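Colleague: Assemble chain B onto chain A, guided by the hints.
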Amino acid sequence: MTMSVNPGGDPDKAGVLRGAALIVLFGALLGIGYNAMGLASRPRHGLAWIKQPEKLESLESLQAPAPGSTSASPGAMQSEAGMAAPGPGEAAAATVSATPPTKSEPAPKKDEAAPKKSEPAPASGAAAKKPDTPAPAASKSKPAPDKTGAGASAQPKPAGENAAPASTPAASAQAPAAPAAAPTAAANLPVIPDVTGPLKVELATFKKLYDAGAVFVIDAREAEEYTDGHIKGALGLSYNDAMAEPDKVKKLDPEGRPFVVYCSGGDCELSMNLAKLMVENGKRKVLVYEGGFPEWQGAGYAVSKGANP
Amino acid sequence: MTDETVLARLLSNPLLVRVCRIGIGLVMLAAALGKIGDPAAFSSQIHHYHLMPIAAENLLAIALPWIELLAGLALVLGVHARSGAWLSAAMMIAFTLAVGTAVARGLDIECGCFGTADATHVGGMKLAENLLFTGAALVASLRLR
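Chains A and B, in that order, are what the protein sequence lines are. If you count the first sequence from 1, position 135 lands on 135 in our numbering, and the numbers rise without skipping. If you count the second sequence from 1, position 52 lands on 1052 in our numbering, and the numbers rise without skipping.
Some clues are possibly wrong.
Claimed, not checked - Every beta carbon over 10 Å from chain B, so not counted as near; a handful from chain A, in silico:
1. ARG18
2. ALA28
3. PRO43
4. GLN52
5. LEU56
6. LEU62
7. THR196
8. GLU202
9. ASP228
10. ASP247
11. LYS250
12. GLU255
13. SER264
14. ASN281
15. PRO294
16. ASN308
Claimed, not checked - Computed, partial: chain A to chain B, Cβ under 8 Å:
17. ASP12
18. ALA48
19. MET243
To be clear, the hints were calculated from the coordinates, so they are not data collected in a lab. Owing to the predicted nature of the structure, the values given are computational and were not obtained by experimental measurement. All C-beta atoms in this analysis are idealised placements derived from N, C-alpha and C, irrespective of residue type, glycine included.
One chain only, chain A, in its complex shape:
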């Protein structure tokens, strides 16, 4: 279509392009200058020139110091935007530098005398990562893997005397039934520091917490993926849903337990994004299990199928 606006071509074309290039150049220079001033000012408020992928501090690395001295680095993960302050109701929790999973009611000392399970010694973070952590075969005696899908609507129950799945999505999705955690497990559990950002957690540590029923597990993937298979007892809350309805996040009640959020592992960022959203909504002690469902399933641990009850 030849517009009659520019018969015979546009004589101004070169000038227009030159003007556009100048706008881009000056705009970029202004932006760079403004950001440089921000970076030079105090407090700093500019952006890093090159964005680095966000790395979470791991829960295991924070286990190394003596529990009494753990005032875990305050910003486990400070995004450029900064983390929201804890919600008003969480103010008390914020004063605690490090606490064990609060769901474990029995005092740790009391448990030390109790017979140990077949779990490896708890430990420092380094130990938790070792391969002698619960092997799939060994741990299958605990929560019996439920891959039948029949248990979709059934509340996960502890298999035998052991391990209750960490979180059990109750019908209201607000207060998963408290698992019957064996008191002995509490003594072996890692300390969950009360830091202002999410921490990552490895499979071995997560499994310990899960078996003790000391975590509230959340699946950040889409509902269809959750229905196809999820960690037994996990609550399905996709990141997209949580963003659309932040009230769903605010209403989450872990009953004092830390959260563990997971998605599909690999490059999946849903768990990280949901964890950040949870922290921004005042939640504390949010752990990200980066291995995700594939790693959990591959290890032969308990999975379920079906939609949220």
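Modeller: For chain B alone, coordinates are given in the frame of chain A:
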């Protein structure tokens, strides 16, 4: 007179072109000011699209709002207005493609079109809005007779 000629005459109406320039200029200014105030949030919004390397996201969040600001000023003040209009049209086409791909991938993310000033998520309405702005920017880039 063919339909094409009628459309061309209509679109090149000096009044329409001027109105489009002012309108798109104001849109660009609003978009720029919403982003300049919180570049970190804008960088995060860019990240949600997963369309570019993470390393480049901050650079875009740093520079783009100022380019929008200058393009908007050029359009509103009438200084190098066609340059501002061409640039605005190019940016609007890029934004529309980004929103379109996000919708096609089923992402439910904040558009980030106006930085933190507007929490609208991507979707059909946002896509239509962007197409409208793109059309207006193209009209604004026409030469005044």
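Colleague: Look at each hint and say if it fits the structure.
Modeller: Now the hints, each set against the structure:
1. The beta carbon of ARG18 of chain A sits about 8 Å from the closest Cβ of chain B, which is not more than 10 Å, so the claim that it is off the interface is violated.
2. For ALA28 of chain A, the condition that its CB be more than 10 Å from all CB atoms of chain B is violated, with the nearest at approximately 4 Å.
3. For PRO43 of chain A, the shortest C-beta to C-beta distance to chain B comes to about 13 Å, beyond the 10 Å cut-off, and the non-interface label holds.
4. Chain B draws GLN52 of chain A into its interface by the beta-carbon criterion, the shortest separation being 8 Å against a cut-off of 10 Å.
5. With 10 Å as the threshold on Cβ separation, the claim that LEU56 of chain A sits away from chain B holds: the shortest Cβ distance comes to roughly 15 Å.
6. The beta carbon of LEU62 of chain A sits about 25 Å from the closest Cβ of chain B, which is more than 10 Å, so the claim that it is off the interface holds.
7. Against the 10 Å criterion, THR196 of chain A stays outside the reach of chain B, whose nearest CB is about 16 Å from its own CB.
8. Distance check on GLU202 of chain A: its Cβ is at least 24 Å (rounded) from any Cβ of chain B, clearing the 10 Å threshold; non-interface status holds.
9. Non-interface call for ASP228 of chain A relative to chain B: holds, since the shortest CB-CB distance, roughly 16 Å, exceeds 10 Å.
10. With a least CB separation of 15 Å from chain B, ASP247 of chain A remains clear of the 10 Å interface cut-off, as annotated.
11. No beta-carbon of chain B is positioned within 10 Å of the beta-carbon of LYS250 of chain A; the least distance is around 17 Å.
12. Chain B leaves GLU255 of chain A outside its interface by the beta-carbon criterion, the shortest separation being 29 Å against a cut-off of 10 Å.
13. Distance check for SER264 of chain A against chain B: the nearest CB is about 14 Å away, which clears 10 Å, and the non-interface claim stands.
14. Distance check on ASN281 of chain A: its Cβ is at least 15 Å (rounded) from any Cβ of chain B, clearing the 10 Å threshold; non-interface status holds.
15. The claim that PRO294 of chain A lies off the interface holds: its Cβ sits roughly 20 Å from the closest Cβ of chain B, which is beyond the 10 Å cut-off.
16. Listed as outside the interface, ASN308 of chain A is consistent with that label: its C-beta sits roughly 18 Å from the nearest C-beta of chain B, beyond the 10 Å cut-off.
17. The beta carbon of ASP12 of chain A comes within 6 Å of a beta carbon in chain B, closer than 8 Å, and the hint placing it at the interface holds.
18. A distance limit of 8 Å between C-beta atoms decides the matter here; for ALA48 of chain A the minimum to chain B is near 6 Å, and the interface restraint holds.
19. About 7 Å separates the beta-carbon of MET243 of chain A from the nearest beta-carbon of chain B, less than 8 Å, and the hint is met.
Going through the hint list in order, the structure does not satisfy hints 1, 2, 4.
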